[in-house]
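A.B. asks: This is what each chain is made of:
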Amino acid sequence: MDLLQPLIGGVSLFIVPSVAVALIGGMLWGSIAGAMPGFNQTLAVGVMVPFTFAMGPIEAVAFLVAIGVGVSYGNSIPAILVGLPGTPSAVLTALDGHALHKRGESGLALATSYFAAVSGQFVSSFFFILMVVPLSQLAYHFLAPELFALHMLGITAIVSLTGKNVIKGVLAAALGFGLTMIGPDPIGNNPRFTFGIPELRSGLQIVPVALGLLAVSEIIRSARQAHDWHGLAQSFSARFPRWSRLQRTVPAVAGGTVIGMLVGSIPGMGGSPAAAVAYQQAQLISKTPEEFGHGSIEGVAANEAAQNAAQSGEMVPTLGLGIPGSDTMVLLLGALSIHGIVPGPLLAQQTPEMLHAAVAGLLGTAILLAIFGWGIARSLLRVATLNRPAVLACALALTIVGVYALRQSLFDVTVMMTCSFVGYFMLRYGYSTAAAAIAVVLGAGAERSLRTGLNLTSNDLLAFVGRPITATILIIAFLILCYGIRGTIRQARIARALEAVATQQNLGTPSDDR
Amino acid sequence: MVFLGLFVLVAAQDVRPASVYDPIGSRGGPHLVGALMLIGGVMLVLRRLLGWYRESPLVAAEGTEDDKGVPPGSAVRALSIWAAAVAYVVVMPVAGYLLATPVFVAVVLRLFAVRRPLMLAAVPVGFTVPVFLVFVLLLRVRLPTGILDEPLRQLGLV
Numbered sequence: 001m002d003l004l005q006p007l008i009g010g011v012s013l014f015i016v017p018s019v020a021v022a023l024i025g026g027m028l029w030g031s032i033a034g035a036m037p038g039f040n041q042t043l044a045v046g047v048m049v050p051f052t053f054a055m056g057p058i059e060a061v062a063f064l065v066a067i068g069v070g071v072s073y074g075n076s077i078p079a080i081l082v083g084l085p086g087t088p089s090a091v092l093t094a095l096d097g098h099a100l101h102k103r104g105e106s107g108l109a110l111a112t113s114y115f116a117a118v119s120g121q122f123v124s125s126f127f128f129i130l131m132v133v134p135l136s137q138l139a140y141h142f143l144a145p146e147l148f149a150l151h152m153l154g155i156t157a158i159v160s161l162t163g164k165n166v167i168k169g170v171l172a173a174a175l176g177f178g179l180t181m182i183g184p185d186p187i188g189n190n191p192r193f194t195f196g197i198p199e200l201r202s203g204l205q206i207v208p209v210a211l212g213l214l215a216v217s218e219i220i221r222s223a224r225q226a227h228d229w230h231g232l233a234q235s236f237s238a239r240f241p242r243w244s245r246l247q248r249t250v251p252a253v254a255g256g257t258v259i260g261m262l263v264g265s266i267p268g269m270g271g272s273p274a275a276a277v278a279y280q281q282a283q284l285i286s287k288t289p290e291e292f293g294h295g296s297i298e299g300v301a302a303n304e305a306a307q308n309a310a311q312s313g314e315m316v317p318t319l320g321l322g323i324p325g326s327d328t329m330v331l332l333l334g335a336l337s338i339h340g341i342v343p344g345p346l347l348a349q350q351t352p353e354m355l356h357a358a359v360a361g362l363l364g365t366a367i368l369l370a371i372f373g374w375g376i377a378r379s380l381l382r383v384a385t386l387n388r389p390a391v392l393a394c395a396l397a398l399t400i401v402g403v404y405a406l407r408q409s410l411f412d413v414t415v416m417m418t419c420s421f422v423g424y425f426m427l428r429y430g431y432s433t434a435a436a437a438i439a440v441v442l443g444a445g446a447e448r449s450l451r452t453g454l455n456l457t458s459n460d461l462l463a464f465v466g467r468p469i470t471a472t473i474l475i476i477a478f479l480i481l482c483y484g485i486r487g488t489i490r491q492a493r494i495a496r497a498l499e500a501v502a503t504q505q506n507l508g509t510p511s512d513d514r
Numbered sequence: 001m002v003f004l005g006l007f008v009l010v011a012a013q014d015v016r017p018a019s020v021y022d023p024i025g026s027r028g029g030p031h032l033v034g035a036l037m038l039i040g041g042v043m044l045v046l047r048r049l050l051g052w053y054r055e056s057p058l059v060a061a062e063g064t065e066d067d068k069g070v071p072p073g074s075a076v077r078a079l080s081i082w083a084a085a086v087a088y089v090v091v092m093p094v095a096g097y098l099l100a101t102p103v104f105v106a107v108v109l110r111l112f113a114v115r116r117p118l119m120l121a122a123v124p125v126g127f128t129v130p131v132f133l134v135f136v137l138l139l140r141v142r143l144p145t146g147i148l149d150e151p152l153r154q155l156g157l158v
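Same order as they appear, the protein sequences are chains A and B.
Residue numbers for the first sequence follow this note's numbering, beginning at 1 and rising by one.
Residue numbers for the second sequence follow this note's numbering, beginning at 1 and rising by one.
One or more of the hints may lead you astray.
To be verified - Capping the alpha-carbon separation at 25 Å, the derived lysine-lysine pairs in DSS-like fashion look like this:
no.: 1; chain 1: A; residue 1: Lys102; chain 2: A; residue 2: Lys287
no.: 2; chain 1: A; residue 1: Lys102; chain 2: B; residue 2: Lys68
no.: 3; chain 1: A; residue 1: Lys164; chain 2: B; residue 2: Lys68
Worth flagging that the hints you see were computed from the coordinates, not collected in a lab.
Take the sequences, apply the hints, and build the full model.
C.D. replies: Next up, the structure:
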């Protein structure tokens with residue numbers, strides 16, 4: 001597969017009417033969902049996953065990718081106009097963008113966000129092709145031991161980089177693995193953990209489990225608070241500024257795009273860390289670093305470019321190696337499983353049309369945003385202040401009906417609700433639902449690769465792990481795990497230090513009074 | 001997690017060994033998962049006990065925090081909404097989508113302390129009917145009709 005093939009394949013999909021409709025629909029829904037505070041990307045994609053069963057796999061991938069891109073753009077609108085980030089990755093946009101809005105420079109803030117998001121998305125789509133093609137070709141030469149190592153890398157990366165506590169991350173992944181063990185054993189086909197329930201004999205479907213853990217649990221968690229953003233919206237006027245005013249954001253956009261792409265391509269990192277790193281980098285190279293945090297257009301530009309570029313980055317391990325780069329990518333792979341496509345390292349090789357669909361989603365949505373993005377930005381203020389309880393109630397009902405519609409199975413809905421209950425407590429107590437969901441996607445493949453690989457090496461564990469590529473990947477996985485453990489220890493030390501300061505202050509207060 | 005790990009380890013004993021020999025076998029995965037849960041759970045318990053002993057009974061929260069600057073969260077509301085969703089799933093086959101859904105959406109809105117009658121009527125109906133038409137007419141999916149089966153058949157919507 002050469003580098004031009006995915007590009008030509010993706011661009012040629014633009015003229016397929018069903019793909020074009022999927023792209024427009026995904027971009028619009030993503031922008032609207034992104035503009036609703038509290039409606040994160042996982043939820044935006046999760047609510048729509050069941051609807052993809054009515055589409056072909058190409059349209060489904062293009063649609064879900066377009067939603068992700070739309071969310072990354074839409075989340076900046078409430079951040080700038082209301083000061084509420086639509087998703088966590090837009091926090092820094094809210095800081096600078098809202099300051100600009102309050103100074104009466106709404107047009108400049110929105111135009112910077114528009115320019116950076118579209119540029120970041122467009123350029124990173126080409127980076128995506130450059131990175132994913134060599135990776136997917138590498139995967140073609142992998143045998144079972146290498147595949148097992150890859151699965152381990154994906155899981156350890158998520159465990160180490162997403163949560164504050166690695167032990168809880170490992171436990172969450174173990175829970176996900178445990179769920180994949182319900183049903184037939186991948187080698188011997190023996191039933192496991194079916195407890196005499198006929199529906200469990202074929203195992204759990206990925207989509208209900210992933211939606212329960214990632215989307216419905218988040219809706220239930222959001223339902224803890226009954227507030228509304230109504231009344232925060234104020235009318236505003238915004239005109240597109242002259243190019244000379246946007247020109248100085250170009251270095252920040254370029255830096256944000258590269259950082260977003262690279263950071264986003266590490267499984268478990270995603271848009272928020274990418275945006276934070278890009279923001280810091282932009283401040284370092286800026287001629288006016290003092291403006292950062294007080295209304296810097298370079299800050300908005302770096303943040304928005306990085307967020308959108310991270311979308312392309314997340315797709316690299318997902319399609320290149322079959323390792324979902326984020327929880328949204330778990331849902332994307334889950335959606336593919338609805339169409340009978342098995343997620344895994346050979347995905348791009350065996351079904352290159354999925355790669356074309358991803359390129360169409362990334363590049364096509366960038367072009368659509370370039371055409372319609374400015375108009376969308378000006379009209380989405382009302383969406384940001386939609387009635388929050390009504391949005392959550394409808395999202396919950398839609399997810400339930402959608403999962404039922406997949407196989408007309410109430411059992412699937414029961415599985416989803418059970419997983420959402422577990423997921424709610426995981427969220428509350430700091431267990432990574434993303435780690436559990438990714439283990440659900442990768443678990444069966446990991447077990448199959450391990451057992452097949454051991455057979456391949458005549459049950460010699462040293463020969464299994466001693467294969468050069470396997471050993472390299474496992475060492476990287478181990479180093480990432482060590483990095484995560486170091487982070488956990490550091491977090492614990494910081495928490496202890498903060499607690500000590502708080503205790504000292506509490507003890508000091510009475511003496512001060514005296 | 002400790003109890004879940006123990007449960008997995010005990011339940012793994014009921015798994016029949018694979019007919020073809022492989023060193024890990026059908027029970028290997030469940031044993032590994034159970035052991036991880038057990039060991040990890042014990043480590044968390046010890047860590048918590050050590051924290052209490054060394055410092056204070058207050059333990060820093062590690063989970064996703066509620067939104068700041070708005071009224072605090074209520075676990076009762078969240079779990080009530082979850083219970084309402086479970087009830088909706090149970091009732092839907094009997095009552096049918098068209099009756100169960102508006103009631104469910106209205107109950108959820110009420111749990112969110114929405115009191116305006118217009119809102120309590122408009123949102124459930126405004127959601128239920130378009131979604132029904134999209135699923136039945138556009139996606140050709142049969143949603144549970146329950147007690148409305150006969151009238152919907154006469155209307156050609158089933």
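A.B. asks: Now look at each hint and say whether the structure bears it out.
C.D. replies: Now the hints, each set against the structure:
1. A:Lys102 x A:Lys287: holds, 23 Å
2. A:Lys102 x B:Lys68: holds, 21 Å
3. A:Lys164 x B:Lys68: holds, 20 Å
Of the numbered hints given earlier, the model fails none.
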